[in-house]
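A.B. asks: Please arrange chain B on chain A, whose structure you already have, making use of the hints.
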Amino acid sequence: MADRESKKMEATGTILKKGAKLAQGSRGERGATANDLIGQKLRAYYDEMAKQPVPDRFSALLRELEEKTKKDGKG
Amino acid sequence: MEATPEFRDMLIEAIPRLRAFAISLTSKSDRADDLVQETLMKAWKYSESFTEGTNFRAWLYAILRNEFYSQIRKRSREVEDLDGAYAARVAQPAEQHGHLDMADLRTALEQLPPDQREALILVGASGFSYEEAASVCNVAVGTIKSRVNRGRARLASLMQIDQAEDLTPERVTQAVLRRTGSS
Numbered sequence: 001m002a003d004r005e006s007k008k009m010e011a012t013g014t015i016l017k018k019g020a021k022l023a024q025g026s027r028g029e030r031g032a033t034a035n036d037l038i039g040q041k042l043r044a045y046y047d048e049m050a051k052q053p054v055p056d057r058f059s060a061l062l063r064e065l066e067e068k069t070k071k072d073g074k075g
Numbered sequence: 076m077e078a079t080p081e082f083r084d085m086l087i088e089a090i091p092r093l094r095a096f097a098i099s100l101t102s103k104s105d106r107a108d109d110l111v112q113e114t115l116m117k118a119w120k121y122s123e124s125f126t127e128g129t130n131f132r133a134w135l136y137a138i139l140r141n142e143f144y145s146q147i148r149k150r151s152r153e154v155e156d157l158d159g160a161y162a163a164r165v166a167q168p169a170e171q172h173g174h175l176d177m178a179d180l181r182t183a184l185e186q187l188p189p190d191q192r193e194a195l196i197l198v199g200a201s202g203f204s205y206e207e208a209a210s211v212c213n214v215a216v217g218t219i220k221s222r223v224n225r226g227r228a229r230l231a232s233l234m235q236i237d238q239a240e241d242l243t244p245e246r247v248t249q250a251v252l253r254r255t256g257s258s
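In the order they appear, the protein sequences are chains A and B. Numbered per our numbering, the first sequence finishes at 75, counting up by one with no gaps. Numbered per our numbering, the second sequence finishes at 258, counting up by one with no gaps.
Bound conformation, chain B alone:
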């Protein structure tokens, strides 16, 4: 659609949650804001590529995600120790209202592989369907489902939520293999 006032309003309405997505990707709110700014500029510039009546949120989040990963690629060419630099820069953007629970969740989220964290944020936190999340990440729906499942399981064990943990199929398989192996 054209870059009309209506389009602008759609963007404005989307900003708070879009920004939450950016913060969860970058773990740092000033970088997140740069990311949101870039996304808004791209969205405005390429507004024609959005077809009215299709999923605006998925379209917008995909722009932000692409921007994020292209920045990482660019940075990784410049900075060798990307992971180290990241770890050192991990910030606490919601600290002022984060009670213990939230801090735990954030710490646990940061320990997940980026693809699982992203899938969990999209599906578990921001309410995207598996199909929408798949279109944002440009992967198959099954891939998103498996990332969400693995991410959930990992979060549960990190936060010691899942009491049924010792009965996950993996554990059972391991136990059975051990038993039959020794017989």
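For reference, chain A alone in the conformation it holds in the complex:
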């Protein structure tokens, strides 16, 4: 009984390993194409966001910070 159980487990292990290999193989080719496509989309999405005009408040803030640093340096 216990012997049968352990044999079954062993068989399952072998099948699982085969299955994983099979999946990896198919993923290798088709998965890479899907990843390329997702990568392309992600980069396009990010580039588009980065192309949006930047609010003036940031350069104003940096000018302010710079002034303050200069003043603090002298004082």
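Please keep in mind that the hints were generated in silico from the structure rather than gathered at the bench. No residue lacks a Cβ here, since even glycine has one placed at the ideal position from N, Cα and C. Honestly, I wouldn't trust all of these hints.
Claimed, not checked - Beta-carbon label-pair distances, calculated as ranges:
{"#": "1", "chain 1": "B", "residue 1": "M116", "chain 2": "A", "residue 2": "P53", "range": "37 to 47 angstroms"}
{"#": "2", "chain 1": "A", "residue 1": "E48", "chain 2": "B", "residue 2": "S204", "range": "39 to 49 angstroms"}
{"#": "3", "chain 1": "A", "residue 1": "L37", "chain 2": "B", "residue 2": "T126", "range": "32 to 42 angstroms"}
{"#": "4", "chain 1": "B", "residue 1": "E206", "chain 2": "A", "residue 2": "Q40", "range": "20 to 30 angstroms"}
{"#": "5", "chain 1": "A", "residue 1": "P53", "chain 2": "B", "residue 2": "P80", "range": "30 to 40 angstroms"}
{"#": "6", "chain 1": "B", "residue 1": "P188", "chain 2": "A", "residue 2": "R4", "range": "35 to 45 angstroms"}
{"#": "7", "chain 1": "B", "residue 1": "E127", "chain 2": "A", "residue 2": "A44", "range": "26 to 36 angstroms"}
{"#": "8", "chain 1": "B", "residue 1": "E206", "chain 2": "A", "residue 2": "P53", "range": "26 to 36 angstroms"}
{"#": "9", "chain 1": "A", "residue 1": "P55", "chain 2": "B", "residue 2": "P188", "range": "47 to 57 angstroms"}
{"#": "10", "chain 1": "A", "residue 1": "E5", "chain 2": "B", "residue 2": "S204", "range": "45 to 55 angstroms"}
{"#": "11", "chain 1": "A", "residue 1": "K68", "chain 2": "B", "residue 2": "T126", "range": "16 to 26 angstroms"}
{"#": "12", "chain 1": "B", "residue 1": "P189", "chain 2": "A", "residue 2": "A44", "range": "14 to 24 angstroms"}
C.D. replies: Here is chain B on its own, set in the frame of chain A:
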């Protein structure tokens, strides 16, 4: 390095992409701008903690990310229903030039767990290496890799990209288990 004009120029150059990162974290551009502002102020204040010749972008993005999560922690103490509030506030910052594809991607991204979304944005979208992304997020490189992989797989299925989906190792394992279980 010191907060010099050169340092200021480095910041200015980084702003557009830094802001894209902030928008992708917050899904809302006015909150993103507050986040960028805080980040610039912190970067200026702690400029000495940046060592010249090291990775400026990773340093800067880490500041923004820390700021984002500390704001969330603060907010979650104030607001109970953070997720609900978030969902209601989800905005479309790039709508004016977003064609259908981009809208799909954004919708799919929003359905990912935050850690996977962040990893995908850093590695997949903004071109960080796994190592850089790991240093920005302060986790192991393997953790970033697994987040990117899981995020990619989820995106693919959400956007119905991956034709090999029924052969992912998980699916195969499940199928095999079902078969051996019933024998």
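A.B. asks: That 26 to 36 angstroms hint for E127(B) and A44(A) (C-beta), does it hold up?
C.D. replies: The hinted range 26 to 36 angstroms holds for E127(B) and A44(A), with Cβ atoms some 33 angstroms apart.
A.B. asks: Quick one: are E206(B) and P53(A) within 26 to 36 angstroms, going by C-beta?
C.D. replies: Distance hint for E206(B), P53(A) holds at roughly 32 angstroms.
A.B. asks: Given a hinted range of 20 to 30 angstroms, is it respected by the beta-carbon distance of E206(B) and Q40(A)?
C.D. replies: With a Cβ separation near 23 angstroms, E206(B) and Q40(A) satisfy 20 to 30 angstroms, so the hint holds.
A.B. asks: Per the hint of 30 to 40 angstroms, is the separation of the Cβ atoms of P53(A) and P80(B) within bounds?
C.D. replies: violated (23 angstroms)
A.B. asks: Please test the hint of 47 to 57 angstroms on the beta carbon pair from P55(A) and P188(B).
C.D. replies: Given range 47 to 57 angstroms: violated, Cβ gap about 30 angstroms.
A.B. asks: That 14 to 24 angstroms hint for P189(B) and A44(A) (C-beta), does it hold up?
C.D. replies: The hinted range 14 to 24 angstroms holds for P189(B) and A44(A), with Cβ atoms some 22 angstroms apart.
A.B. asks: At the C-beta level, are K68(A) and T126(B) separated by a distance inside 16 to 26 angstroms?
C.D. replies: Check passed, 23 angstroms falls within 16 to 26 angstroms.
A.B. asks: Taking the beta carbons of P188(B) and R4(A), is their distance inside 35 to 45 angstroms?
C.D. replies: holds (42 angstroms)
A.B. asks: Taking the CB of E5(A) and the CB of S204(B), does the distance hold inside 45 to 55 angstroms?
C.D. replies: Between E5(A) and S204(B), where Cβ atoms are some 47 angstroms apart, the hint holds.
A.B. asks: Given the hint of 39 to 49 angstroms, check if E48(A) and S204(B) actually sit that far apart at their C-beta atoms.
C.D. replies: violated (22 angstroms)
A.B. asks: 37 to 47 angstroms was suggested as the range; check whether the CB atoms of M116(B) and P53(A) agree with it.
C.D. replies: violated (21 angstroms)
A.B. asks: Does the Cβ-Cβ separation between L37(A) and T126(B) fall within 32 to 42 angstroms?
C.D. replies: Since the Cβ atoms of L37(A) and T126(B) sit about 38 angstroms apart, the hinted range of 32 to 42 angstroms holds.
Hints 1, 2, 5, 9 from the earlier list are contradicted by this structure; the remaining hints agree with it.
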